[in-house]
Amino acid sequence: MSDEVTAEILTTHILDLAGAGRRLDGRAVDDYRPLTIEPGFVATADGSALVRLGETAAVAGIKLEPGKPFPDTPNAGVLTTNAELVPLSSPTFEPGPPQPGAIEVSRVIDRAIRAAETIDLTRLCVTPGEKSWVCYVDVHMIDHGGNLIDTGLLAALTALTHTTVPAKRFGLAESDYPLEIKHQPVECTFVRLGEAIVVDPTIDEERACQGRLTVATDETGNVVAMQKGLVGAFSPDDVKSVVERAFRHGDRLRAAALRGTA
Amino acid sequence: MGSVGAKEVPVLLTPDGIRTDGRRVDELRPIRIEAGALKHADGSAYVEWGANKVMAAVYGPREVHPRHLQQNTKAVIQCKYNMAAFSVDERKRPGLDRRSQEISKVIAEALESVVFVEEFPRTSIDVYIEVLQANAGTRCAGLTAASVALADAGIPMVDLLPAVAVGKAGGALVLDLNKAEDNFGEADLPMAIVPQSGRLVLLQMEGHVTQEELARALDMGVQGTRQVYEKMQAALRDRYASAPTPEVAA
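For the protein sequence lines, the chains are C and V, in the order given. Numbering-wise (my numbering), the first sequence opens with residue 882 and increments by one. Numbering-wise (my numbering), the second sequence opens with residue 2 and increments by one.
None of these hints come from the bench; they were simulated from the model. Every residue, glycine too, gets a C-beta built ideally from N, C-alpha and C. Misleading hints may appear alongside valid ones.
[To be verified] Some chain V residues close to chain C (C-beta under 7 Å, calculated; not the full set):
hint, residue
1, L39
2, S101
3, E103
4, E110
5, E113
6, P196
7, Q197
8, L201
9, Q205
10, H209
11, Q212
12, R217
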């Protein structure tokens, strides 16, 4: 469906199906779409990955450059995460400043990476207060079929876990070395369709939904970030069961990102 | 939360369970709400929440600008959360940054979850939130103010929408994080709960909590928002109990 307006009739159909525990693409309420992961997709990046989740695709690229630590954190490197919803990914995205939806996707991905302490930033410090690595995580959403957050973070995590620090190129070490990963956050996104709460929504399900809930977990059993988005509501019990499900899916997705293959 | 290599972490909780500002773990900061604080807005509210000072105004339902945002079946809620340059210790560059835009989005979506938007098709309900003095918890104070301002504007809603942040600081779950707890604590979960249904329409989280802690944090949020709710109702009662009955033209 490439139309911006999902027809009312389709919305009704999606909600009717969900009421019967079914989905338009034949999945069960707790099924993710097929996942493919391709690390090292971009040769010019220090780390990269192409991740596809059903009809959604994201490319993440990591670049490391020597820079200066922030004055208030002299012993830490700098980590910057940015997700772009580039216009080629959807008929509804236009060039220009990012829309609130795009900013939200970017910030929710960034929040998980940061809160989970994916990278021990003190390890990126070269000389306290003087020199440190700046790690740029850039995620390009290239095909928008729904659930950009999970896809984007999986791409970023895969890319980070397959990153080489270009220390030799910048004369900071005899040889390059792999970037050290401390924790591995994964986000799982759910939407409410009537009384059903389904995982990994397609774009049509996102348009039909009554509320979206994203839960980021790490490999140690912590919830590290959450975001409720769109119009709708969840009861505390809904949230608890969604968190439970997020841990289950999270472990599988995390393993895939680390392996670099689905 | 991500304060790597930052200044020394203060003691956030004494062994007796007392917080940096003297509160117990389940205690809110003092909250004062004034409904109808502005003369020219259709609805307004001023909230002092601890050391936060937040003003909210509502205009509408009115014509939609820009036009293309107009919806044929419902009103659109457009929210602008803005922090004044002088509202924080180090001057904030004026204008919409990405944080403000995200907060504006989640607040608008939370409000749309309780307002009967389908009653006002092809209109806009504009919600402006100005943070004049910030001290942790501005999105919750802002959303609470906005909700009272909507009621003050006479816009039909399912219920008022109280918000509060629950967090983890000094190893314990605490209600309504203060600035030290926000900066140095382990987790922050702002939430807004519809009192009538007990459902969450705003929920964000950053930090580290276990599944069990998260469940307890939600319960604390329910309790906390209930207290905020009472203050919101009292503010509206104060505003309208004393208002003179409008004179009917003879």
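For the hint on Q212(V), does the least C-beta distance to chain C fall short of 7 Å? Result: holds, 6 Å to nearest chain C Cβ.
So, E110(V) near chain C? Judge it on the closest CB pair being under 7 Å. Holds - the Cβ of E110(V) comes within 7 Å of chain C, reaching about 5 Å at its closest.
With a cut-off of 7 Å on the beta carbons, see whether Q197(V) makes it to chain C. Hint violated; Q197(V) Cβ to chain C Cβ min 11 Å, cut 7 Å.
Should the interface hint for L201(V) be scored as holding, given a Cβ-Cβ cut-off of 7 Å against chain C? holds (5 Å)
Can the hint on S101(V) be confirmed by a CB-to-CB distance to chain C that is less than 7 Å? Violated. Min distance 10 Å.
Interface hint check: P196(V), Cβ to nearest Cβ on chain C, cutoff 7 Å. Holds or violated? violated (12 Å)
Quick one, is the R217(V) hint okay against chain C at 7 Å, beta carbons? Result: violated, 10 Å to nearest chain C Cβ.
Min Cβ distance, Q205(V) to chain C: is it shorter than 7 Å? holds (5 Å)
For the hint on E103(V), just tell me whether its beta-carbon gets within less than 7 Å of chain C. With Cβ-Cβ at 5 Å, under 7 Å, it holds.
Restraint: H209(V) near chain C, CB-CB cut 7 Å. Satisfied or not? holds (5 Å)
Do the numbers back the hint for L39(V), that is, is its least Cβ distance to chain C under 7 Å? This hint is violated: L39(V) lies away from chain C, its Cβ roughly 26 Å from the closest one there, beyond 7 Å.
Going by Cβ atoms only, is E113(V) closer than 7 Å to chain C? At 5 Å from the nearest chain C Cβ, E113(V) passes the 7 Å test, so the hint holds.
Violation of the numbered hints given earlier is confined to hints 1, 2, 6, 7, 12; the remaining hints are satisfied by the structure.
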